[in-house]
Amino acid sequence: MAQQVRGVVARGKGSPVSLETIIVPDPGPGEALVRIQACGVCHTDLHYREGGINDDFPFLLGHEAAGVVESVGEGVADVAPGDFVILNWRAVCGQCRACRRGRPWYCFDTHNAEQKMTLLDGTELSPALGIGAFAEKTLVHAGQCTKVDPTVSPAVAGLLGCGVMAGIGAAINTGNVGRGDSVAVIGCGGVGDAAIVGARLAGAAKIIAVDIDDRKLETAKRMGATHTVNSKATDPVEAIRGLTGGNGADVVIEAVGRPETYRQAFYARDLAGTVVLVGVPTPEMQLELPLLDVFGRGGALKSSWYGDCLPSRDFPMLIDLHLQGRLDLGAFVTETIALDDVEKAFDRMRSGDVLRSVVVF
Numbered sequence: 001m002a003q004q005v006r007g008v009v010a011r012g013k014g015s016p017v018s019l020e021t022i023i024v025p026d027p028g029p030g031e032a033l034v035r036i037q038a039c040g041v042c043h044t045d046l047h048y049r050e051g052g053i054n055d056d057f058p059f060l061l062g063h064e065a066a067g068v069v070e071s072v073g074e075g076v077a078d079v080a081p082g083d084f085v086i087l088n089w090r091a092v093c094g095q096c097r098a099c100r101r102g103r104p105w106y107c108f109d110t111h112n113a114e115q116k117m118t119l120l121d122g123t124e125l126s127p128a129l130g131i132g133a134f135a136e137k138t139l140v141h142a143g144q145c146t147k148v149d150p151t152v153s154p155a156v157a158g159l160l161g162c163g164v165m166a167g168i169g170a171a172i173n174t175g176n177v178g179r180g181d182s183v184a185v186i187g188c189g190g191v192g193d194a195a196i197v198g199a200r201l202a203g204a205a206k207i208i209a210v211d212i213d214d215r216k217l218e219t220a221k222r223m224g225a226t227h228t229v230n231s232k233a234t235d236p237v238e239a240i241r242g243l244t245g246g247n248g249a250d251v252v253i254e255a256v257g258r259p260e261t262y263r264q265a266f267y268a269r270d271l272a273g274t275v276v277l278v279g280v281p282t283p284e285m286q287l288e289l290p291l292l293d294v295f296g297r298g299g300a301l302k303s304s305w306y307g308d309c310l311p312s313r314d315f316p317m318l319i320d321l322h323l324q325g326r327l328d329l330g331a332f333v334t335e336t337i338a339l340d341d342v343e344k345a346f347d348r349m350r351s352g353d354v355l356r357s358v359v360v361f
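Take the sequence shown: its position 102, counting from 1, is numbered 102 in the UniProt record's numbering, and each next residue is one higher.
Keep in mind that the hints are not guaranteed to be accurate.
The calculated lysine-lysine pairs, modelled on DSS-like cross-linking and capped at a C-alpha distance of 25 Å, are [to be verified]:
no., residue 1, residue 2
1, K221, K206
2, K206, K232
3, K216, K13
4, K232, K216
5, K344, K13
Because the hints were derived from the structure by calculation, they are not lab data.
Starting from the given sequences, assemble the full structure and let the hints guide the process.
Below, the structure written as structure tokens:
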């Protein structure tokens, strides 16, 4: 029988979110109903609210979540009621050309739930990243549920569902940061700080944090940055080169998603170095670079979707590192809030006052 729960909905572009009654159907074949315990407030949710992703309003926001499986549909074997899971938005199909080549993190046919959650009047909702977890319960494809050690706090576990995984994976999986490398991270919000943590885990010798906000640079130092650059006061390209013997960094991670910061990343890398774009641009943005410079500098220009992660591999590993005291996921949580505080959390996000607000149910 379908259930009624509370959820945070964005009804129109730029309009404040509202707390609505949501109808959640029973899981069908391949689906799972998850009782949400915690969900981070991610900048991507704000992108949805502002129409920066698409215009499929109304959106059921929230996607950076952890909770307990309540029921599953026919044919689900990998998770069962009672399992503690982190939700992911890249449920791989196992059958597409990427999966068949042994590269499931590039899966071209990822799964979401077939059934739609709705408002009371029957209006179908678009769940953010196929999840919609600013709700007491949500319906997802069972492949979006990744079991992890249930002793971890849901408030920190859920962060792997998007931002923290995106940043750590941008460094380790996409950037292939190695021992002794120099790394620069442009943009020190949640994703950028996670990239700093990932570079530290990978053994980088020099980690340069770049931002226009000194508060964020102080946080970046606590996360593991060895040097900081305020790009409002200093040319970041020259500063990064100056800190790397005039050469530029081996890996530059762009965690802003803007053409001007991407150009900085491009010119701040060493010859044959790597640029990783993990910041999310908006549809109207355009990038111009001299093609001769693209050719002449060599190396690699990469985009990192979800940190090129494989949730079944990466989530349990990172949770284990956290429980062993080797990865402080709690450092990303600035505050815990109630479900009806999401709009206020967006305001604090814009002002740079928080690294992560986390809704705890």
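Going through the hints against the structure:
1. K221 - K206: OK: K221 and K206 at ~12 Å, within 25 Å.
2. K206 - K232: holds (22 Å)
3. K216 - K13: Outside the cut-off at roughly 28 Å; violated.
4. K232 - K216: Given that 25 Å is the threshold and the Cα spacing comes to 13 Å, the pair holds.
5. K344 - K13: holds (17 Å)
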